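Residue numbers (our numbering), protein chains in the order written: chain A, 1 to 335; chain B, 1 to 335.
Everything labelled a hint here was simulated from the structure, so no lab data went into it.
Given the structure is predicted, the values throughout are model-derived calculations rather than measurements.
You may find that some hints are simply not true.
In silico SDA-like pairs for lysine to any residue, Cα to Cα no more than 20 Å straight-line [stated by the list, open to error]:
(1) B:Lys-145 <-> A:Gly-11
(2) A:Lys-132 <-> A:His-122
(3) B:Lys-217 <-> B:Cys-198
(4) B:Lys-76 <-> A:Arg-18
(5) A:Lys-129 <-> A:Ala-52
(6) B:Lys-192 <-> A:Leu-93
(7) A:Lys-132 <-> A:Phe-116
(8) B:Lys-76 <-> A:Thr-302
(9) B:Lys-145 <-> A:Glu-308
(10) A:Lys-237 <-> B:Leu-93
(11) B:Lys-186 <-> A:Asp-95
(12) A:Lys-192 <-> A:Glu-289
(13) B:Lys-88 <-> A:Arg-12
What follows is a set of in silico ranges between Cβ atoms, one per label pair, in the way DEER data are often shown [stated by the list, open to error]:
(14) A:Pro-40 <-> B:Gln-206: 39 to 49 Å
(15) B:Glu-285 <-> A:Lys-192: 25 to 35 Å
(16) A:Lys-186 <-> B:Gly-84: 27 to 37 Å
(17) B:Gly-84 <-> A:Ser-142: 49 to 59 Å
(18) A:Asp-118 <-> B:Pro-74: 39 to 49 Å
Which residues of chain B face chain A? A partial, calculated answer using Cβ under 7 Å [said to hold, decoys possible]:
(19) Met-1
(20) Glu-3
(21) Arg-6
(22) Ala-79
(23) Leu-80
(24) Tyr-94
(25) Met-97
(26) Ile-173
(27) Asp-199
(28) Gln-203
(29) Ser-311
(30) Phe-313
Even for Gly, the Cβ is constructed at its ideal location relative to N, Cα and C.
2 protein chains.
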Amino acid sequence: MPELRRDPVLGRWIIISRERKKRPSDFPVEVPKGNGGFCPLCPGNESSTPPAVLTFNKEGQNGGESKWQVRVVPNKYPALVIEGDLEKEGIGLYDRMNGIGAHEVIIESPSHDERFADLDSHNMALVFKAYKDRILDLEKDSRFKYVMVFKNHGKAAGASLEHSHSQLIALPILPRMIVSELAGSKSHYNYKERCVFCDIIRQEIQQDVRVVCQNEKFITLTPFAPRTPFEMWILPKHHSSGYCSQDDADLLALADIFSLSLRALSCCIPDVPYNFVLHTGPLHEPSVEYYHWHFEIVPKLTSIAGFEWGSGFYINPLPPEEAAEFLRQSMSLLI
Amino acid sequence: MPELRRDPVLGRWIIISRERKKRPSDFPVEVPKGNGGFCPLCPGNESSTPPAVLTFNKEGQNGGESKWQVRVVPNKYPALVIEGDLEKEGIGLYDRMNGIGAHEVIIESPSHDERFADLDSHNMALVFKAYKDRILDLEKDSRFKYVMVFKNHGKAAGASLEHSHSQLIALPILPRMIVSELAGSKSHYNYKERCVFCDIIRQEIQQDVRVVCQNEKFITLTPFAPRTPFEMWILPKHHSSGYCSQDDADLLALADIFSLSLRALSCCIPDVPYNFVLHTGPLHEPSVEYYHWHFEIVPKLTSIAGFEWGSGFYINPLPPEEAAEFLRQSMSLLI
Chain A
1 MPELRRDPVL GRWIIISRER KKRPSDFPVE VPKGNGGFCP LCPGNESSTP
51 PAVLTFNKEG QNGGESKWQV RVVPNKYPAL VIEGDLEKEG IGLYDRMNGI
101 GAHEVIIESP SHDERFADLD SHNMALVFKA YKDRILDLEK DSRFKYVMVF
151 KNHGKAAGAS LEHSHSQLIA LPILPRMIVS ELAGSKSHYN YKERCVFCDI
201 IRQEIQQDVR VVCQNEKFIT LTPFAPRTPF EMWILPKHHS SGYCSQDDAD
251 LLALADIFSL SLRALSCCIP DVPYNFVLHT GPLHEPSVEY YHWHFEIVPK
301 LTSIAGFEWG SGFYINPLPP EEAAEFLRQS MSLLI
Chain B
1 MPELRRDPVL GRWIIISRER KKRPSDFPVE VPKGNGGFCP LCPGNESSTP
51 PAVLTFNKEG QNGGESKWQV RVVPNKYPAL VIEGDLEKEG IGLYDRMNGI
101 GAHEVIIESP SHDERFADLD SHNMALVFKA YKDRILDLEK DSRFKYVMVF
151 KNHGKAAGAS LEHSHSQLIA LPILPRMIVS ELAGSKSHYN YKERCVFCDI
201 IRQEIQQDVR VVCQNEKFIT LTPFAPRTPF EMWILPKHHS SGYCSQDDAD
251 LLALADIFSL SLRALSCCIP DVPYNFVLHT GPLHEPSVEY YHWHFEIVPK
301 LTSIAGFEWG SGFYINPLPP EEAAEFLRQS MSLLI
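This is chain A alone, in the form it adopts within the complex:
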């Protein structure tokens, strides 16, 4: 019997339809071919991107353009541009504004072939620190309301360059996803005076069927109502509404669990394409009791996504309890 499940934050229903597929090997992945040739993100080719806005050397200090481990540059083909005034306008029924914003690329390693999942924790923590430093810098610009950090890994997930990188977009509006998440969290808080994500973490630890792994500071779960097979959320165990409140030690603990979770995923499904998105509170707002920052990792494995993203209705062939079990088994081989 299939099952309908509701996400407790967004109210989004999904269908778990076990009949369709069952084991990790039932999800075929097209292994991307190398596109070879010139890579604008490789060391030595720094002049083919706009100048860096941030670099870290191995020690997390300013690395300049020559000795970088992580390098952040403005996107050469930005979706939004940083120069100009934020003109808002109504056209009859419709609302528009100038496409003011920032669009940056976080180059995660100098090595062309090193995948994000294979970075050692120290190097991955530098990437997380780069996210934090860039968000704090962009927050100084009062035109921006939100910074969305995300990664597309693999062609099927939208990556256009092979060299491992993530992106951030600073926006003059709150994206729909965060508006819904804030509203759902606030409504739970108004009713119960507790953070819904803290409640989720408590219940997950107690039920212990969807927990993938945890350390002192973070936990990885397969959510109760996942959109795709092997969807994972990584959350801080102690309440925190804003990503930027994390210190270096927190970011290292985050890197430990992030890296373990992604390696377990690769072990289940080699070369899996995925997206991850940082969900954090809006800019310029104090920390709040009702919201809880986290990462959502969404593998790109089901081809019916076309219909699903149009309708907001997801059909997932793999129950998250089974996905968590597969991930834990893979993990036992890794450690």
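Let chain A serve as the given structure and place chain B on it in line with the hints.
Leaving out everything else, chain B in the frame of chain A:
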């Protein structure tokens, strides 16, 4: 300068980022290879699907299993099942229910190679009549709250069989898309006492930059804030909240404009994969002043969808005014 635009019903913002791509030929489409061999949807193979729940012959009468032009069968691998009780359950924070529903396949033509866009208007109207008859039949089941009708055309849009077909899913809940649309429409109505879609149609006809085509009863638009290049909406010009209120003459006029719109799209981008979804009011509810049924046709052309469906934030490289102009030009070659 890129531009941010807001959908007046859903409040969804999108980015129009012209810099990235400009002409229809800039959107490469992988032409699907024929998968050859046995087709369970072809005439003669009726026994390889569950028995039909509806058939029409060329005249729109019951065609039986031998003389059908349109044939509706239960999906052999249903996402939801029709037998059983609708048990609802809370598990701590979470809500689940049995996966009760119906999942049917509408086979749109006996010919294996005939595409939906190439059906003549009379045959396409029979497909639309099949949607209506199945919705009216499923509405008799009080467990169902909504019937979602959709089509995946092309592998990239999620079609797993070549033979032209659409699908419907009867659901015991309202999908998120329709909940948001009803809420947005109602909020506009409460403020203005007018249907937001009627207002959109009036403004579009008056501005005349995003109208693709119209006939006496229907209009095709590229919406003000489209998620993808060449997104199109087809709406009845006279207010109507439920699809099933259309009579045979209405469905023929719908087929005329639907077919013309899809052929113009194919002319701009041959073999374009697309999804369409029927947006109509919930079952068991009287017609309402604030909602307006319509079809949304969403071509699958941009590869960044992975991130976008995760975040609810779309980047579209082609302004809808230019898409409408390309479609109108193609149309002038067709007529």
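Hint check results:
1. B:Lys-145 <-> A:Gly-11: 16 Å, holds
2. A:Lys-132 <-> A:His-122: Between Lys-132 (chain A) and His-122 (chain A) the Cα gap is close to 15 Å, so the pair holds against 20 Å.
3. B:Lys-217 <-> B:Cys-198: OK: Lys-217 (chain B) and Cys-198 (chain B) at ~13 Å, within 20 Å.
4. B:Lys-76 <-> A:Arg-18: Holds - the C-alpha atoms of Arg-18 (chain A) and Lys-76 (chain B) are around 14 Å apart, at most 20 Å.
5. A:Lys-129 <-> A:Ala-52: Holds, because 16 Å separates the two Cα atoms, which is no more than 20 Å.
6. B:Lys-192 <-> A:Leu-93: 11 Å, holds
7. A:Lys-132 <-> A:Phe-116: OK: Lys-132 (chain A) and Phe-116 (chain A) at ~17 Å, within 20 Å.
8. B:Lys-76 <-> A:Thr-302: 18 Å, holds
9. B:Lys-145 <-> A:Glu-308: OK: Lys-145 (chain B) and Glu-308 (chain A) at ~19 Å, within 20 Å.
10. A:Lys-237 <-> B:Leu-93: 17 Å, holds
11. B:Lys-186 <-> A:Asp-95: 18 Å, holds
12. A:Lys-192 <-> A:Glu-289: 12 Å, holds
13. B:Lys-88 <-> A:Arg-12: Between Lys-88 (chain B) and Arg-12 (chain A) the Cα gap is close to 16 Å, so the pair holds against 20 Å.
14. A:Pro-40 <-> B:Gln-206: 39 to 49 Å: Holds - the Cβ-Cβ distance for Pro-40 (chain A) and Gln-206 (chain B), about 46 Å, lies within 39 to 49 Å.
15. B:Glu-285 <-> A:Lys-192: 25 to 35 Å: Holds: the Cβ-Cβ distance is about 32 Å, inside 25 to 35 Å.
16. A:Lys-186 <-> B:Gly-84: 27 to 37 Å: For Gly-84 (chain B) against Lys-186 (chain A), whose Cβ atoms are near 36 Å apart, the range 27 to 37 Å holds.
17. B:Gly-84 <-> A:Ser-142: 49 to 59 Å: 56 Å, holds
18. A:Asp-118 <-> B:Pro-74: 39 to 49 Å: 46 Å, holds
19. Met-1: It holds, given that the least Cβ distance between Met-1 (chain B) and chain A is near 6 Å, below 7 Å.
20. Glu-3: 5 Å, holds
21. Arg-6: 4 Å, holds
22. Ala-79: It holds, given that the least Cβ distance between Ala-79 (chain B) and chain A is near 5 Å, below 7 Å.
23. Leu-80: 5 Å, holds
24. Tyr-94: 5 Å, holds
25. Met-97: 5 Å, holds
26. Ile-173: 5 Å, holds
27. Asp-199: 6 Å, holds
28. Gln-203: Holds. Min distance 5 Å.
29. Ser-311: 5 Å, holds
30. Phe-313: 4 Å, holds
When held up to the earlier numbered hints, the structure conflicts with none and fits them all.
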